[in-house]
Amino acid sequence: MSEIQANQKNGRLADVLGGHLEKILGEWMREMNSTTRRSDLIKESDLRAECSHFLHLVTQANQSDGTNFQSPGFDIVRDLLTEISRSRSQKGFKPSETATFVFSLKRPLFNEIQSQHKGDAESMAAEIWGLNELLDAMGLYTMEVFLKSREEIVRRQQEELLELSTPVVKLWDGILALPIIGTLDSARTQVVMESLLQAIVDTNSRVAIIDITGVPTVDTVVAQHLLKTVTAARLMGADCIISGVRPQIAQTIVHLGINLLDVTTKSTLAAAFSLALHRLGITFSRDTVKS
Amino acid sequence: MEKIPILKMGDFLLVTIQVDMHDRLAMALQDDLTRAISKTDARGVLIDISTLEIVDSFIGRMLSNIAAMSRVLDAETVVVGMQPAVAITLVELGLSLPGVRTALNVDAGMELLRASVNANKEMYGSRLH
Numbered sequence: 001m002s003e004i005q006a007n008q009k010n011g012r013l014a015d016v017l018g019g020h021l022e023k024i025l026g027e028w029m030r031e032m033n034s035t036t037r038r039s040d041l042i043k044e045s046d047l048r049a050e051c052s053h054f055l056h057l058v059t060q061a062n063q064s065d066g067t068n069f070q071s072p073g074f075d076i077v078r079d080l081l082t083e084i085s086r087s088r089s090q091k092g093f094k095p096s097e098t099a100t101f102v103f104s105l106k107r108p109l110f111n112e113i114q115s116q117h118k119g120d121a122e123s124m125a126a127e128i129w130g131l132n133e134l135l136d137a138m139g140l141y142t143m144e145v146f147l148k149s150r151e152e153i154v155r156r157q158q159e160e161l162l163e164l165s166t167p168v169v170k171l172w173d174g175i176l177a178l179p180i181i182g183t184l185d186s187a188r189t190q191v192v193m194e195s196l197l198q199a200i201v202d203t204n205s206r207v208a209i210i211d212i213t214g215v216p217t218v219d220t221v222v223a224q225h226l227l228k229t230v231t232a233a234r235l236m237g238a239d240c241i242i243s244g245v246r247p248q249i250a251q252t253i254v255h256l257g258i259n260l261l262d263v264t265t266k267s268t269l270a271a272a273f274s275l276a277l278h279r280l281g282i283t284f285s286r287d288t289v290k291s
Numbered sequence: 292m293e294k295i296p297i298l299k300m301g302d303f304l305l306v307t308i309q310v311d312m313h314d315r316l317a318m319a320l321q322d323d324l325t326r327a328i329s330k331t332d333a334r335g336v337l338i339d340i341s342t343l344e345i346v347d348s349f350i351g352r353m354l355s356n357i358a359a360m361s362r363v364l365d366a367e368t369v370v371v372g373m374q375p376a377v378a379i380t381l382v383e384l385g386l387s388l389p390g391v392r393t394a395l396n397v398d399a400g401m402e403l404l405r406a407s408v409n410a411n412k413e414m415y416g417s418r419l420h
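Going line by line, the protein sequences match chains A and B. Okay, so the first sequence: first residue is 1 according to our numbering, each after it adds one. Okay, so the second sequence: first residue is 292 according to our numbering, each after it adds one.
If you are wondering where the hints come from, they were derived from the structure by calculation, not from laboratory data. Being a predicted model, the structure only gives us computed values, none of them experimental. Careful: at least some of the hints might be erroneous.
Derived DEER-like restraints, expressed as beta-carbon distance ranges [to be verified]:
#	chain 1	residue 1	chain 2	residue 2	range
1	B	Val363	A	Ser186	35 to 45 Å
2	A	Glu194	B	Glu293	41 to 51 Å
3	B	Glu293	A	Lys148	50 to 60 Å
Listed next, the in silico SDA-like pairs over lysine to any residue satisfying Cα-Cα at most 20 Å (straight line) [what the hints assert, rightly or not]:
#	chain 1	residue 1	chain 2	residue 2
4	A	Lys228	B	Lys412
5	A	Lys94	A	Arg150
6	A	Lys266	A	Arg246
7	A	Lys228	B	Val397
8	A	Lys228	B	Pro389
9	A	Lys228	B	Gly390
10	A	Lys94	A	Lys170
11	A	Lys228	B	Glu402
12	A	Lys228	B	Thr380
13	A	Lys106	A	Leu25
14	A	Lys23	A	Ser64
15	B	Lys412	B	Leu364
16	A	Lys228	B	Ser355
17	A	Lys228	B	Leu364
18	A	Lys170	B	Asn396
19	A	Lys94	B	Pro389
Quick reminder that beta carbons are idealized off the backbone N, C-alpha and C, glycines included.
I would like the entire structure built from these sequences, with the hints used as guidance.
If you want it as structure tokens, here you go:
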């Protein structure tokens with residue numbers, strides 16, 4: 001693009017908007033309402049304020065830096081778009097609805113250009129192309145921010161899940177239980193192992209029960225992880241019992257040829273608990289019920 | 292050169308590792324301990340590693356060697372107070388120390404030693420009487 005052309009382009013949007021800002025704003029709002037009406041998520045007045053602020057900033061940036069979205073003049077526009085996109089992804093807007101915020105501006109702007117360039121097809125085409133590029137860049141940027149903020153939410157939830165999913169429960173003085181729910185992968189096993197071993201030290205427990213009722217499948221990797229945890233606990237001087245082995249899982253373990261012979265396994269947590277009490281030399285007896 | 296002290300307590304020997312283990316120290320301990328077992332006719336060895344924070348495969352193998360040697364000299368070995376990080380490291384190194392008995396702390400370890408010595412006495416009669 002030659003300098004003259006670039007200069008010509010500069011400020012064109014300001015020309016287009018000129019005194020028609022209110023009119024374009026109105027058309028834009030109508031356009032948005034007809035395609036993606038989410039009056040349940042954002043108030044009409046808020047949306048209008050957002051749009052008008054956006055138009056002002058774009059006009060400003062356009063006057064200094066033309067239609068080059070990457071230039072520093074557009075920093076303020078990018079900041080505003082980031083803010084809008086982020087807040088929408090949090091409010092629960094769909095990706096297309098968020099992108100439409102920018103794309104629905106096309107029709108009102110192009111209409112305005114058309115009416116201003118009656119008869120001059122060449123300059124109209126150049127004008128439309130320049131604006132089109134700018135709007136596309138802004139739309140794509142909105143989507144990028146939208147996705148990024150969604151990814152942040154997913155990542156945060158993953159971390160929270162990891163912390164939530166490893167509660168070590170004290171069942172009795174000297175007996176711990178670790179109910180595992182969900183699939184065991186390497187990262188999770190590390191957390192599970194560390195929190196169990198730390199709890200063994202903290203509570204001075206001699207028996208730890210790992211309950212795998214909530215583990216959907218046991219493959220060689222999961223079995224490997226379990227064995228490691230059991231061995232580490234044994235090295236520290238605590239006995240490990242694996243409970244909650246369902247019939248299908250027992251079959252899988254044997255079919256896979258996994259050797260769990262050195263590990264005490266029980267089918268239910270109750271059975272494991274009773275064995276743990278027995279190992280600690282604790283016995284219970286039922287009182288005769290007094291009537 | 293620093294040395295790891297070996298204390299005699301009744302029928303048992305007490306070893307508390309309170310410094311960073313390096314290879315030469317480990318070899319010296321192995322030497323001293325086997326000599327002490329045969330000299331004192333000890334029935335059990337208790338090794339406290341609660342302050343040990345770093346292990347490598349050499350130290351891991353040494354622990355298991357010491358246990359095996361003690362068994363040959365007719366003494367039980369109990370390793371007590373292993374830190375979680377140490378346990379995880381040993382497991383990841385593939386050293387599960389199969390012949391070594393373990394306990395949470397010195398109390399539990401002594402209890403274990405006494406129980407196993409008593410069981411032996413019942414089975415084979417006492418060496419001492």
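Against the structure, the hints come out as follows:
1. B:Val363 with A:Ser186: 35 to 45 Å: holds (39 Å)
2. A:Glu194 with B:Glu293: 41 to 51 Å: violated (32 Å)
3. B:Glu293 with A:Lys148: 50 to 60 Å: Holds - the Cβ-Cβ distance for B:Glu293 and A:Lys148, about 56 Å, lies within 50 to 60 Å.
4. A:Lys228 with B:Lys412: At roughly 35 Å apart (the allowed maximum being 20 Å), B:Lys412 and A:Lys228 break the hint.
5. A:Lys94 with A:Arg150: holds (11 Å)
6. A:Lys266 with A:Arg246: Holds, at about 10 Å.
7. A:Lys228 with B:Val397: Violated, at about 24 Å.
8. A:Lys228 with B:Pro389: The given pair, whose Cα atoms are some 13 Å apart, holds under the 20 Å limit.
9. A:Lys228 with B:Gly390: The hint holds at about 17 Å.
10. A:Lys94 with A:Lys170: Between A:Lys94 and A:Lys170 the Cα gap is close to 45 Å, so the pair fails against 20 Å, i.e. violated.
11. A:Lys228 with B:Glu402: Violated, at about 26 Å.
12. A:Lys228 with B:Thr380: Holds: A:Lys228 and B:Thr380 sit about 10 Å apart, inside 20 Å.
13. A:Lys106 with A:Leu25: holds (12 Å)
14. A:Lys23 with A:Ser64: Since the Cα atoms of A:Lys23 and A:Ser64 sit roughly 24 Å apart, the hinted pair is violated (cutoff 20 Å).
15. B:Lys412 with B:Leu364: With Cα atoms ~16 Å apart, B:Lys412 and B:Leu364 stay inside 20 Å; holds.
16. A:Lys228 with B:Ser355: The hint holds at about 18 Å.
17. A:Lys228 with B:Leu364: violated (31 Å)
18. A:Lys170 with B:Asn396: With a Cα-Cα distance of about 19 Å, the restraint between A:Lys170 and B:Asn396 holds, given a limit of 20 Å.
19. A:Lys94 with B:Pro389: Status violated; Cα separation ~58 Å.
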